[in-house]
Amino acid sequence: MDNPLPTTSIDLKGKRILVVDDDRMNVKIIGGILRHEGYDLAEAGSGEQALEVYSSFHPNLVLLDVMMPGIDGFTTCRTLKKTYGDACAPVIFVTAKSEAEDVVMGFDAGGVDYLTKPFRPKEVVARIRTHLSNQQLVEQQKLLVDQLSKANAAKDRFLGMCAHDLRNPLSSIRGLAELMDENAIGILSPEQREIIQTIHGASQSMLQLVNELLDVATIEAGHLKLAKVPTSVAEIVERSVHLNNIEAVKKNTRIEMVRTANDPVVEVDRNKIRQVVDNLINNAVKYSPRGSVITVLVHSSDSVAGFAVRDNGPGIPESERHKLFKDYGRLSAEPTGGEKSTGLGLAICRKIVEAHNGTIGFENIPGRGCEFVVSLPLYK
Amino acid sequence: MNFSGSILLVDDEAHIRKFMSLLLRHLGVTRIYEAANGNSGLEVYKAERPDLVMLDVNMPQMDGLQTLKALKELDPDCVVVMLTSLANRQTIDEAASLGAANYIRKDAPPEEIGRALADTIDNCFEPDESDAGAPPQ
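Chain order of the listed sequences is A and B.
Letter 354 of the first sequence, counting from 1, is numbered 354 in this note's numbering, and no numbers are missing.
Letter 119 of the second sequence, counting from 1, is numbered 119 in this note's numbering, and no numbers are missing.
Wrong hints could be hidden among the right ones.
Quick look at which bits of chain A chain B covers, simulated, 3 or more residues with Cβ under 8 Å [said to hold, decoys possible]:
hint	region
1	161-171
2	180-189
Some, not all, of what chain A presents toward chain B, calculated at C-beta under 7 Å [said to hold, decoys possible]:
hint	residue
3	175
4	176
5	227
No lab work stands behind these hints: they were computed from the structure.
Quick reminder that beta carbons are idealized off the backbone N, C-alpha and C, glycines included.
Make the full structure from the sequences, and use the hints.
Here it is in structure tokens:
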């Protein structure tokens, strides 16, 4: 090759080409050109024969004459595409006529290109090389996507398994520490108590991390199963507000709920949506200064209903917006009471809300704080 | 907790048995039996006839659901609370249809586990029965 093309970095030697033409002279000419390029050739003198040879030769490319006795080139091409689907080799039509009409018909039949007789060897070689390279790239890409999705599934399984096998022992450690702290095996000395509380705190945060990892793995693996029932938004919010107020008091923070005049109903998996409400309220408490007031507002319109959590925190810089709902998307803001964060909470929220065909978004409130809004399809 | 009956704990993981038994003692339960697998759980049940069984779902060989079935065949009135590590709806439903009285998530805080247990006892035993530690009718 005196004038290598950029595509020569892909090795095309030995690629199989099926040449279909009832004109023996054409087959001979084109065969000569292609053999010189190092391709492996098979020949067929008709459409019927082409279909037969294809099945045993498995070509990487087919050069197909349009005008042939018996089934013509277009019909042969359609049959090949129908039989082999996406796996079918690219078909280049060979035609004596160069009318646009013919070419369009050829493309309709599934051809990728056409060559006109008489052949210009350089053109033949260049076009064939281009299509073979494209085909090879497509195949490589398919293989890569396939490998990646397998690797991703393996990662999810691994993550799920790890989280599973870590949870039980962690639950025991936390539970035993808590029971000891409650003097279940006798009164502790101050130092023993401090140590046992440290063990309790550490195992508690690990358990939360593992739970969040497991949530992500479950959702990613497509195993998020929703047990949806019609549910009052206010009821879910009220319960979370009540429970979270117990913790919030420790930071002198208060969580208030604002209802709507009506009582909108959505069809949701209660536990999952509770998890979303809890997570958003928890974040609001976590990132707001001590002594803040967090507001949870129920909202509804003609088609959606949901809730908004408004905090007194520093807001979220616009430059970090893109990270917000992504896995491990921790932002620059720090919890104000030394709380822990995995950076998975909002990603899990988004996945849960989206699994309900809902939306989750956030806005900074000019002045102070920000607001997370969850909207779910209204149950009718 | 207002319960003077006996409880059999069946779980293949020693740390879970340790945690649960300490929790039960802390809640005032004095008669606690332990078994590390379904088969020995059944043996202990036959020998001791405990008032309540706490049964792990996920065990090697004979799993919790199989053990539950065997327990119910042995004694249709036995009160069984399933111990799960994940709230797998399907497993829980299956356990319920096999006659389990309740389920408890092992990763719940002790307080919550205690509450779920107390609820089950309230539902399954007449006050005088549990005071006497007698099995349910």
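Results for each hint:
1. 161-171: holds (count 6)
2. 180-189: holds (count 3)
3. 175: Holds - the Cβ of residue 175 of chain A comes within 7 Å of chain B, reaching about 5 Å at its closest.
4. 176: holds (5 Å)
5. 227: Holds. Min distance 6 Å.
In the structure shown, no violation is registered for any of the earlier numbered hints.
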